[in-house]
Amino acid sequence: MLLALLLAPFLLLLLYFIVRPKPVTIPIKNRHVFITGGSSGIGLALAHKAVSEGARVSILARSLPKLEEAQKSIRLAHGVDVAIFAADVRDYDAVQRAVNDAGPIDVLVVNQGVFVPQALEKQGLDEIKFMIDVNLMGSFHVIKAALPSMKSRKDRRQPASIALVSSQAGQVGIYGYSAYSASKFGLRGLAEALQQEVISDNIYISLIFPPDTETPAFEEERKIRPELTDIITSSGGLLKADEVASKTLDGIKAGNFSIPLNLEGRMLTIATAGVSPQSSFLMAFLEVALASLARIVSLFFLWSAYRSVAKWHFQKKGA
Amino acid sequence: MLLLILLPLLVLTLYLIVRPRPVIIPIKDSHVFITGGSSGIGLALAHQAAFEGARVSLLARSLKKLEEAKESIRISSGVEVSIFAADVRDFDAVQKAVKNAGPIDVLVVNQGIFVPQELEKQELDEIKFMIDVNLMGSFNVIKAALPLMKERKDRGPNSIALMSSQAGQVGIYGYTAYSASKFGLRGLAEALQQEVISDNIHVSLIYPPDTDTPGFEQENKTRPELTKILAASSGSMKADKVAKIALKGIRSGTFIVPCNLEGHALAIATAGLSPQRSFLMASVEVLCIGFLRIVALYFQWNWYKDIEKWHEMKKVSEN
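Protein sequence lines, in the order shown, are assigned to chains A and B. In terms of this note's numbering, the first sequence is residues 1 to 319. In terms of this note's numbering, the second sequence is residues 1001 to 1319.
What the hints contain is simulated information worked out from the structure, not anything from laboratory work. All values reported here derive from a predicted model rather than from experimental measurement. A virtual CB, placed ideally from N, CA and C, is assigned to each residue, including glycine. Hints are not guaranteed to be accurate.
Label pairs and their computed distance ranges (CB to CB) [what the hints assert, rightly or not]:
1. B/1092 with A/8: 36 to 44 angstroms
2. B/1075 with A/217: 15 to 23 angstroms
3. B/1009 with A/149: 35 to 43 angstroms
4. A/25 with B/1009: 38 to 46 angstroms
5. A/125 with B/1063: 38 to 46 angstroms
6. B/1063 with A/200: 41 to 49 angstroms
7. B/1262 with A/22: 39 to 47 angstroms
8. B/1007 with A/149: 50 to 58 angstroms
9. A/2 with B/1317: 23 to 31 angstroms
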């Protein structure tokens, strides 16, 4: 205990010097924020929040009617017009056209996502492909389309951001989420590598890890969720979309690589810190100091999850 | 002093809570089905499994390479392996092969493509290739084999092992698509283990470093210079050593199977919410993870310095 207290200031000092990328502040006001999957749910909430903070906002989604509704709701709430672009992220050419029409992007929010929870044994391959194509390959499309103009932007002294909306299912794989977790874990591999590739262009990558969030899509998901998925994920918490949007924008503005949105999320993020970059030396200190506890908590979580799985199967056999 | 009481208490607690419980999966006389089995790590695994008395089936694209592989195993261990030509991207072909091969005890999902390149420069079809083969292909293989594995008469422990990579533990420059596909395997695996534990099927992820294979020789030719510089921090291994360690890990149902010393450190740092059956390993994880987070941050500091230096040198040479 005494040793820990003595070493703490040295650790803090060490971390202060070694955390990379270096801390940064990414302004939102008067900058161009481009949000995919921006016509509903978390994307729409982000659009509202960004507009309220003075950003110029563009939203991309598949359905033109939903985009127009979204545009109207923002106009009503804030008196501001957002630009709308109808495209399916699986169609690279359409995405590229939209990105070119939208103009140079300062903050790219790759937020589109579909989730169909189901045990792999029962899930159709087309559903699996759907999630991989939209959530993962679609993200590659969006980033590839936007990256050239982000890299060659005129004002390179102002930091830009590429933020990817992941999920707590992108930090831990749970019963029923083999395809969804695969697509969301994939975003992290993308992000860790991408940050090293774009740091020299003053672009910062963020991964956002929302828990279950009250959105139309989540309502749909709940209807078909396997019972065990419900039981095991109940510990992650439930948030409102605008809460998610607020905390997300705060994290993007602080240039944080990992952005958790509630207490459980913060614990999950510390547990899964791995080799992810960390630009805040204080957060790095917390990660180091709490890593052991986080792993113990994780092992308890797994113990509970596997007990739930065993109990559920036992009850099924009984019936 | 306090440690003398806490340490045994920790170890005892972990002994009681680690899930899933330890298991031993026999290799001798079991049917081992290896995708990407005609060369590299897959072929080395086939040799090793045949040597340990398993019945081996190989799946790969090229019939010619499969026949060469079959011949090499016949020569070295006198064992006949079954060969099946199929592209893992073609579910129907995979399903036919799996049905012809017969019930599988140890499924080794080992096929993999790696084309390192900066995302900015990489062609979309190369990205799609890696996601399709490494990630979607793995779903195809598992979906094809799972029904028979779940319905098997002999309910002894079975294994589904997925070949990942150290690039599936940390994303580095040049590996956006490859790391995305390999990180995705972990999301798949964590969820899948919860879904198949009740069928006495045990999931393993193998994490080799750079390995001496024809695939790696190809990759090295096109590797970006900066990727080479950053990847040099981990060593390289021979394929047969990787195969031995992989089979050992599969046999003990270990979820995360590292292959060298750096790999062990990486595995502990990225333990996250992965299951851990060994209470001793769990204790090591809890005790070392804080320190390893410091090491991980130090590595990132080093890498970002290398990246900065490289870009500066490029600028100087361009002027």
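Structure-based check of all given hints:
1. Range check, residue 1092 of chain B to residue 8 of chain A: Cβ separation about 60 angstroms, and the 36 to 44 angstroms hint is violated.
2. Under the hint 15 to 23 angstroms, the C-beta atoms of residue 1075 of chain B and residue 217 of chain A, about 56 angstroms apart, miss the expected range.
3. At about 57 angstroms, the beta-carbon gap between residue 1009 of chain B and residue 149 of chain A misses the expected band of 35 to 43 angstroms.
4. At roughly 45 angstroms, the beta carbons of residue 25 of chain A and residue 1009 of chain B sit within the given window of 38 to 46 angstroms.
5. The hinted window of 38 to 46 angstroms between residue 125 of chain A and residue 1063 of chain B is violated, with their beta carbons roughly 25 angstroms apart.
6. Under the hint 41 to 49 angstroms, the C-beta atoms of residue 1063 of chain B and residue 200 of chain A, about 46 angstroms apart, fit the expected range.
7. Between residue 1262 of chain B and residue 22 of chain A, the C-beta spacing of about 26 angstroms breaks the proposed range 39 to 47 angstroms.
8. In this structure the hint that residue 1007 of chain B and residue 149 of chain A lie 50 to 58 angstroms apart at CB holds, the actual value being about 56 angstroms.
9. Between residue 2 of chain A and residue 1317 of chain B the Cβ separation comes to about 53 angstroms, which falls outside the hinted range of 23 to 31 angstroms.
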